[in-house]
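Colleague: Chains as they are written, first to last, in my numbering: chain A, 19 to 659; chain B, 19 to 659.
Incorrect hints may appear among the rest.
It does not matter which identical chain is meant; a pair holds if it fits inside one copy or across any two.
[Claimed, not checked] In silico EDC-like links for lysine to aspartate or glutamate, alpha-carbon gap of 20 Å or less: (1) Lys344 x Asp169; (2) Lys468 x Asp522; (3) Lys37 x Asp206; (4) Lys469 x Glu508; (5) Lys344 x Glu202.
Derived from the structure by calculation, the hints contain no laboratory data. Because the structure is a prediction, the values reported are computed rather than measured.
What follows is the residue order along each chain.
There are 2 protein chains.
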Amino acid sequence: MEKFKVTFFPDNKSVLAEKDKTILSAAISAGVYINSVCGGDGVCGRCKVILKKGKVSQQLNGIITEEERKNGVYLACLTNIHSDLEVEIPESSRINFEKLSPKEIDERLGNLYSKAEDIHPVEQRIKEGIFKHSPFATKIYLELSAPTLNDSISDLERIYRALRAYEEFPVIQTGLFNIRQLGELLRDSEWKVTLTLGKRNDTVEIVLVEPGDTTNKNFGLCFDIGTTTISGQLLDLNSKKILGTKAAYNQQATFGNDVITRIVYAGQSQGLERLHQAVCNTMNQIIRELVAENNVDLNDVNCIVCSGNATMIHLLLNLDPTHIRKAPYIPTANFLPVLRAAEAGININPRGLLSCLPGVSSYVGGDTTAGVLSCGLYQSDKLCMLIDIGTNGEIVLGNKDFLVACAASAGPAFEGSGVTSGMRASSGAIQKISINKTNFEVKYSTIGDKKPRGICGSGYIDLLSSMLEAGIIDKGGKIKAEGRRIRQAETGKEFVVCFKEEADSPADIVINEPDIENLKRSKAAIYSATAILVKHMGLSFPEISKIFIAGGFGTYLDIEKAVKIGLLPDQPRSKFIFIGNSALAGANQVLLSNQAMLMADNLASKITYFELSVDPGYMDEYGQALFFPHTDLGKFPSVKF
Amino acid sequence: MEKFKVTFFPDNKSVLAEKDKTILSAAISAGVYINSVCGGDGVCGRCKVILKKGKVSQQLNGIITEEERKNGVYLACLTNIHSDLEVEIPESSRINFEKLSPKEIDERLGNLYSKAEDIHPVEQRIKEGIFKHSPFATKIYLELSAPTLNDSISDLERIYRALRAYEEFPVIQTGLFNIRQLGELLRDSEWKVTLTLGKRNDTVEIVLVEPGDTTNKNFGLCFDIGTTTISGQLLDLNSKKILGTKAAYNQQATFGNDVITRIVYAGQSQGLERLHQAVCNTMNQIIRELVAENNVDLNDVNCIVCSGNATMIHLLLNLDPTHIRKAPYIPTANFLPVLRAAEAGININPRGLLSCLPGVSSYVGGDTTAGVLSCGLYQSDKLCMLIDIGTNGEIVLGNKDFLVACAASAGPAFEGSGVTSGMRASSGAIQKISINKTNFEVKYSTIGDKKPRGICGSGYIDLLSSMLEAGIIDKGGKIKAEGRRIRQAETGKEFVVCFKEEADSPADIVINEPDIENLKRSKAAIYSATAILVKHMGLSFPEISKIFIAGGFGTYLDIEKAVKIGLLPDQPRSKFIFIGNSALAGANQVLLSNQAMLMADNLASKITYFELSVDPGYMDEYGQALFFPHTDLGKFPSVKF
């Protein structure tokens with residue numbers, strides 16, 4: 019096969035690429051990072067490059083403007099190599115992890131670190147105190163008796179003896195690393211040491227031995243590793259106090275927006291390693307910031323608990339996710355052993371432990387287990403439902419007697435991705451909107467009261483509901499009104515939420531018919547999943563006493579409006595409880611209590627997975643939900659426009 | 019402190035050394051290996067170097083001859099640096115591990131690999147079959163059902179489910195390494211795999227997952243790591259068959275002959291690391307030879323069991339042995355966790371496991387535990403004794419109700435070290451001797467019927483006994499006869515066993531009065547230890563029904579003569595059972611049976627350590643034993659000269 023030399027500037031990195039391969043694949047091989055949110059499908063338009071020299075062929079799809087075409091701009095993913103090439107990557111298309119500081123990468127990704135106040139751990143208050151305080155890593159201070167001729171047991175046995183006098187542990191393990199240090203450490207510290215104990219795969223491990231009394235320095239982290247957003251919390255394991263919470267954009271998003279695109283990318287040369295690195299980078303960055311802000315030494319962070327869907331956990335641990343995507347959809351492991359964080363590339367104490375919450379199946383992961391754990395649904399006498407709205411939506415139905423879960427591929431629209439002016443729930447995102455029914459003028463508020471930069475999930479719920487009420491769109495989602503904010507664009511009709519003059523954005527902030535279609539499909543996927551699950555179990559919505567709503571909506575979600583657009587079932591509003599990030603809350607509980615860890619194992623074994631696509635009624639139900647709020651208005655009696 | 023540049027040739031390696039430091043210590047810092055069996059005490063005479071340039075001061079002790087002095091020969095250990103130096107190391111003084119092949123190093127050390135036939139596992143026959151066959155590493159072949167939509171548990175859970183159907187293991191662990199391979203491996207092998215299971219610290223670990231059925235390839239090693247000699251065996255873990263046994267000189271001997279010298283050396287810069295490397299080199303070399311001769315793939319060697327004294331085990335695992343030597347004599351650990359062999363630097367399958375037999379105290383190690391296990395003393399209704407004759411001699415007294423052990427620092431004389439013409443029990447060693455009572459002429463036989471190169475332990479026992487019978491030496495060990503074989507040397511009178519003309523040796527093979535003194539102290543240390551131990555327990559020799567004799571005497575030990583010189587107590591000869599290398603035999607049993615492994619733990623906890631030096635009668639008893647056979651002839655009624 020003929021090969022050509024492709025050189026990327028300003029990096030000046032070259033690679034040999036086969037004829038007809040895309041410029042994007044050559045860039046990946048060269049280790050040059052080009053932004054590509056859609057994973058090379060030609061739809062996101064973020065991988066624009068400038069051809070300086072050489073012959074190519076291209077697929078045109080309307081994303082490149084006439085003017086750009088004149089200036090030699092091509093989409094890297096849709097342009098094929100026909101000769102040696104010289105390619106310039108403009109700043110706007112690149113994510114140069116090597117050159118940028120973590121903060122700069124973040125800025126580039128339009129990301130924002132949230133302060134602790136921004137993420138209210140509502141769910142923590144709900145279940146506060148139900149599990150005994152027995153953190154994943156525990157410190158014990160021992161004053162050992164010095165050896166004598168009459169008491170001459172070895173150093174290691176001396177420690178075991180003292181530990182067993184303290185508490186009867188069934189099996190204690192210690193690695194060679196700690197044993198190697200014992201002789202000097204015990205004598206230098208005059209036989210006064212602090213042990214860090216970690217629960218590890220049904221045994222207790224001596225993770226660390228430190229001189230003196232360091233019991234007051236015992237910190238841990240919990241994480242929710244989302245496809246789009248990664249959230250982390252630093253805790254004082256003694257006081258159970260949350261010292262800080264941060265959320266950051268998952269750097270993996272540059273390789274594709276959903277788990278399927280990432281699994282495909284993982285199959286490419288070095289793809290898995292890059293995805294693994296990306297999640298580690300994001301987590302390590304969050305950790306660095308959390309410890310710095312709280313004056314905590316990284317060496318005093320002894321453990322970490324992670325929740326995430328099966329694909330995210332596979333990528334974190336560098337496990338091949340291929341078979342999650344291929345029938346019959348088998349992950350490598352749902353229950354993972356406790357590892358050292360360092361084995362996964364996470365920087366805490368080098369001996370520190372990492373535990374991942376157990377998952378149920380390829381599409382109902384440890385984040386769902388964490389959600390069930392944190393909302394307490396599994397303890398309820400009455401029937402409850404948990405709806406976790408995300409790129410992969412999960413719905414759990416049950417009570418103390420049974421638990422059944424399904425997954426709905428909702429897409430990232432409600433996380434502000436894959437829609438024209440979408441953005442994450444971060445600074446500058448429009449989150450509340452109202453529209454004047456007469457003149458269609460818009461009022462909005464943004465997160466942090468900044469100039470608007472885009473619209474986040476809760477903003478879209480408000481926007482759709484307001485457009486329906488104002489009669490701007492019909493039940494099918496078509497724009498039928500006229501006015502100064504409504505215009506015809508290449509991609510169909512669009513409504514201008516905010517003109518660029520008043521925005522912190524290079525373009526008007528708009529919603530167009532394809533966006534509405536996209537959001538409609540998302541809400542239809544979530545709603546129909548809840549409906550099918552209830553029907554499958556021979557139940558009905560009125561029998562459900564509580565509906566927990568979880569997801570990355572930041573601090574705001576208008577339940578009323580979510581029902582109005584048909585995202586949530588039309589049930590008395592008092593049934594709904596918005597619990598924010600339930601996956602993070604569950605990880606927090608596991609970090610603080612070994613009882614919660616055991617309960618998570620128990621729950622993951624107990625939850626039955628229901629595969630929606632095998633239900634014969636699913637496509638019908640989904641089709642009927644592709645209206646606002648629904649084809650069958652009898653199902654939404656309280657909704658009137 | 020003034021520093022001088024010392025350059026060693028032919029290596030051309032330089033190092034900066036402080037004024038007044040010895041040339042030997044400079045060589046150690048420079049990473050140049052000079053032979054130094056006595057560890058720098060100035061007595062072995064092996065560290066001769068030639069001073070080419072520079073000023074030194076030296077201690078004279080008669081080892082350097084007048085002629086050598088003229089030629090600029092110095093003992094590196096007794097020569098102090100006073101200026102920049104250029105030093106030539108003659109071939110005879112060097113052990114250049116980097117340049118020599120393992121075989122050449124071995125040749126240089128006067129070492130010899132024994133064939134399996136040379137080491138008769140007498141002791142294995144004794145206890146054959148008392149433990150259930152359940153090797154340290156077990157292989158299980160599984161034909162898994164392929165996953166379907168209705169049976170969609172993860173790859174790892176699928177393996178666990180099949181394993182639990184096979185046998186109910188309490189806790190199964192698997193490391194990330196194996197989990198990472200599962201997805202591809204299971205599918206490529208069409209769900210037919212072989213698991214290697216290892217018992218590890220009260221849990222079962224999946225050590226390896228291999229495609230297809232490889233159960234017929236499961237090998238293991240057992241080792242006795244002696245201060246002087248290291249012996250290893252390769253076993254087929256399925257058939258329990260010993261495929262080969264090899265012994266080699268412990269390369270550590272170049273850094274000192276006994277454990278105390280080595281502990282001191284370990285405290286020097288890089289000393290511990292070098293000692294650790296030396297034992298690894300020796301073991302890896304034995305392993306390479308064993309697998310090559312038996313056409314076994316190193317990757318099919320899944321586990322290794324080691325016995326050795328506390329110092330040897332510390333050095334193997336790179337644990338600081340300092341406190342073994344300092345009161346109150348505390349090892350870092352007597353009971354060690356199961357490790358990966360790779361963690362200790364031993365080359366078998368990279369995931370393969372290493373277990374060390376548990377020890378009792380700093381001076382009664384896992385080799386003694388192995389000895390007790392293999393001779394079956396702990397099961398006996400009647401009183402038994404185990405005497406393991408080595409550089410560090412160990413004596414165990416007991417039966418099924420109690421076990422008490424002590425250690426006697428016998429020195430390496432009976433291992434053929436520290437005596438003028440001594441050598442290990444290997445090719446060319448004189449092992450049997452008789453002397454004509456009239457003309458003092460000598461008859462001898464050597465191991466392998468080669469020209470004599472020196473005298474080994476059993477040869478010295480024969481020689482002393484024959485010299486006593488012929489009246490060449492008196493009860494005190496002084497040479498009192500005259501003849502062509504008896505002459506006055508610088509170091510006192512000596513007896514020529516073999517003139518160099520008929521030997522494979524640059525000098526006559528002799529025994530001199532200091533040698534006899536040395537051997538006498540060794541036998542006195544062993545005998546008095548047995549006597550004190552018996553007395554301490556309120557018992558007497560006639561009450562003992564069996565006396566097991568273990569040690570590195572190769573295949574030959576004349577019990578009659580050992581009693582005659584007063585090494586062994588004067589008891590009916592039928593009580594004595596020579597069991598060869600009992601430490602290796604015990605390690606063999608632990609390798610083949612998990613029951614034996616548990617029993618070893620049990621025994622190490624059960625054996626009481628008795629510190630000889632605290633017994634007020636010990637010095638008296640030792641002093642009385644410094645005669646052949648003993649001061650009190652009433653204790654040796656059968657011995658007549």
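Colleague: For Lys468 vs Asp522, is the C-alpha pair at or below 20 Å within one copy, between two copies, both, or neither?
Modeller: within (8 Å within a copy, 95 Å between copies)
Colleague: State whether the alpha carbon distance between Lys469 and Glu508 is at most 20 Å within one copy, between copies, both, or neither.
Modeller: Neither way: Lys469 and Glu508 sit 27 Å apart in one copy and 102 Å across, limit 20 Å.
Colleague: Treating 20 Å as the Cα threshold, decide for Lys344 and Glu202: within, between, both or neither.
Modeller: Classified as between; 13 Å across copies, 54 Å inside a copy.
Colleague: First find the shortest C-alpha distance between Lys344 and Asp169 inside one copy, then the shortest across copies, and answer within, between, both or neither for a cut-off of 20 Å.
Modeller: between (62 Å within a copy, 15 Å between copies)
Colleague: Can you give me the call for Lys37 and Asp206, within, between, both or neither, at a CA distance of at most 20 Å?
Modeller: neither (66 Å within a copy, 31 Å between copies)
Hint violations for this structure: numbers 3, 4, all remaining hints satisfied.
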